[in-house]
Structure formats: C-alpha cells, structure tokens
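Top line first, the protein sequences correspond to chains A and B.
Here the first sequence is numbered in the working numbering, starting from 243 and rising by one per residue.
Here the second sequence is numbered in the working numbering, starting from 833 and rising by one per residue.
One or more hints might be untrue.
Unchecked claim - Chain A stretches covered by chain B per the calculated footprint, using a threshold of three residues with CB under 8 Å from any CB of chain B: (1) 306-319; (2) 343-352.
Said to hold, decoys possible - Derived pair list, reagent style SDA-like, types lysine to any residue, alpha-carbon separation capped at 25 Å: (3) B:841 / B:894; (4) B:889 / A:260; (5) A:312 / B:841; (6) B:841 / A:262; (7) B:889 / A:252; (8) A:293 / B:927.
Source of the hints: derived by calculation from the structure; they are not laboratory data.
For glycine and all other residues, C-beta sits at the position ideal for the given N, C-alpha and C.
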Amino acid sequence: GQQLNQSPQSMFIQEGEDVSMNCTSSSIFNTWLWYKQDPGEGPVLLIALYKAGELTSNGRLTAQFGITRKDSFLNISASIPSDVGIYFCAGQPDNYGQNFVFGPGTRLSVLP
Amino acid sequence: DSGVTQTPKHLITATGQRVTLRCSPRSGDLSVYWYQQSLDQGLQFLIQYYNGEERAKGNILERFSAQQFPDLHSELNLSSLELGDSALYFCASSVGASPTSEQYFGPGTRLTVT
Chain A
243 GQQLNQSPQS
253 MFIQEGEDVS
263 MNCTSSSIFN
273 TWLWYKQDPG
283 EGPVLLIALY
293 KAGELTSNGR
303 LTAQFGITRK
313 DSFLNISASI
323 PSDVGIYFCA
333 GQPDNYGQNF
343 VFGPGTRLSV
353 LP
Chain B
833 DSGVTQTPKH
843 LITATGQRVT
853 LRCSPRSGDL
863 SVYWYQQSLD
873 QGLQFLIQYY
883 NGEERAKGNI
893 LERFSAQQFP
903 DLHSELNLSS
913 LELGDSALYF
923 CASSVGASPT
933 SEQYFGPGTR
943 LTVT
C-alpha cells in the first residue's frame with residue numbers, strides 16, 4: 243500500500259529560526275493535509291492542498307503541493323515556543339475512494 | 833476546539849474486557865472516521881462511516897466494530913481487549929464522504945489495558 247515518509251524525524255531549533263520539513267512518497271497523491279499534534283491532544287488541521295504546485299499560507303506557515311504530486315513541504319517562519327509538537331502530513335492516494343494515509347510525523351522542539 | 837467531541841477522555845480496563853468509545857461529529861458533518869495511535873506511532877485509519885453507512889475500512893481488527901447512529905454520533909466497540917490495544921483512539925469528522933474532504937479531529941480517548 244501507499245506509504246508516506248517524513249523528514250526529518252525530529253528537529254531542535256532556536257526560537258526565531260525558520261523550519262522546513264517534508265513529506266514524500268513513491269506514489270501519486272491527490273490531496274495533502276498538514277496537521278499539528280500537541281501531546282495528548284488530537285491533531286489540528288493546519289493547511290490543505292488540492293492541486294500540484296499549489297502554495298498556501300496560514301500565518302507563519304506555508305505549505306506546497308509538489309509538482310510531481312509525490313511530495314509536500316511545510317515551512318514555519320520565525321518559530322516560537324508554541325510551535326513545539328508533532329507535525330503530520332496526510333495524503334489522499336490517487337486511487338478512487340482511498341482514504342488519507344498519514345506520515346509518521348516530524349517532532350519539533352524549539353529552544354528558547 | 834475542532835467541534836468534534838469524544839468521551840470518555842481516559843479509560844482503564846483489564847484484558848479480555850469490552851469497551852465503547854463515543855464520538856460526536858462537528859455540526860453539519862456527515863462522515864466520521866476512527867483512528868488508532870499507539871505510542872510514538874502515526875495515525876492508523878480504522879474505519880469510516882458516512883450518514884449511517886460504512887464507507888471505508890482500514891486496518892480494523894475483527895475484535896473491533898463501529899456504527900454511526902441516525903443522529904450521526906458514532907461508537908467504536910473494542911472487545912476481547914489485549915495489552916497491545918492500549919493507545920489513543922481519535923475520531924475525526926468531515927462534511928462529505930469524499931476522501932478529499934478535510935478531516936477535523938476530536939481530542940481523543942486514551943485507552944489503557946492492564
């Protein structure tokens with residue numbers, strides 16, 4: 243079945259730095275979603291992408307749907323302590339009726 | 833607050849027992865999805881219901897079952913519980929049945945099997 247890889251697995255950054263993470267697959271996807279999960283909480287939807295090449299922003303977050311439709315990127319600018327958490331990508335495979343597949347997540351830590 | 837509610841928040845039970853988890857979707861959403869998240873694991877899709885009917889099945893064990901009621905709330909039943917069933921169980925909802933519909937997650941139920 244389709245699998246998603248996320249990199250990096252974890253990252254430690256200084257407050258104020260920009261962050262970049264990605265989600266890749268060997269299969270084509272139609273839709274990408276990016277979620278953030280705080281410990282013990284449910285994932286919160288950050289950004290949804292529907293077309294190859296699409297670039298969408300939500301405050302300090304920007305995500306892009308890769309041209310090949312096999313990847314997506316999430317960037318966070320000027321990180322702050324509350325950005326700490328696990329960021330999951332989810333892709334909807336290019337098979338009719340297939341539900342979203344979730345990546346294993348990127349764990350972000352922000353150092354003051 | 834996503835608008836999706838789940839009860840209970842925590843559940844502790846013994847092996848071999850049966851439990852029921854409950855989810856109420858966002859107002860207006862017709863689809864409900866159930867996911868399992870084990871420690872340090874990603875989200876595993878279990879099952880989807882749309883307007884009372886089963887829509888899609890993922891990696892759901894035969895010991896697990898779900899249903900969606902006429903008022904659109906859903907229940908996930910877990911039986912013959914094993915230690916490995918300890919996990920966070922999330923419910924998500926979306927407006928439509930389409931797999932491309934944006935899903936909004938509830939706060940989860942943490943199940944501990946002892």
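For each hint, the structure was consulted:
A stretch counts as covered by a chain when three or more of its residues have a beta carbon under 8 Å from one of that chain; for the segment 306-319 of chain A and chain B the count is 0, and the coverage is violated. By the rule of at least three residues with a Cβ nearer than 8 Å to a Cβ of chain B, the coverage given for the segment 343-352 of chain A holds, with 5 such residues. Note on residue 841 of chain B and residue 894 of chain B: the hinted pairing holds, with a Cα-Cα distance of about 24 Å set against a maximum of 25 Å. The straight-line distance between the Cα atoms of residue 889 of chain B and residue 260 of chain A is roughly 39 Å, outside the 25 Å bound, and the hint therefore fails.
The straight-line distance between the Cα atoms of residue 312 of chain A and residue 841 of chain B is roughly 36 Å, outside the 25 Å bound, and the hint therefore fails. The suggested pairing of residue 841 of chain B with residue 262 of chain A is violated, with an alpha-carbon distance near 33 Å, which exceeds 25 Å. A threshold of 25 Å between alpha carbons decides the hint, and for residue 889 of chain B with residue 252 of chain A the separation of about 31 Å lies outside it, so the pair is violated. Under the criterion of a C-alpha separation no larger than 25 Å, the hint pairing residue 293 of chain A with residue 927 of chain B is consistent with the structure, at around 20 Å.
When each numbered hint is compared with the structure, violations occur for hints 1, 4, 5, 6, 7.
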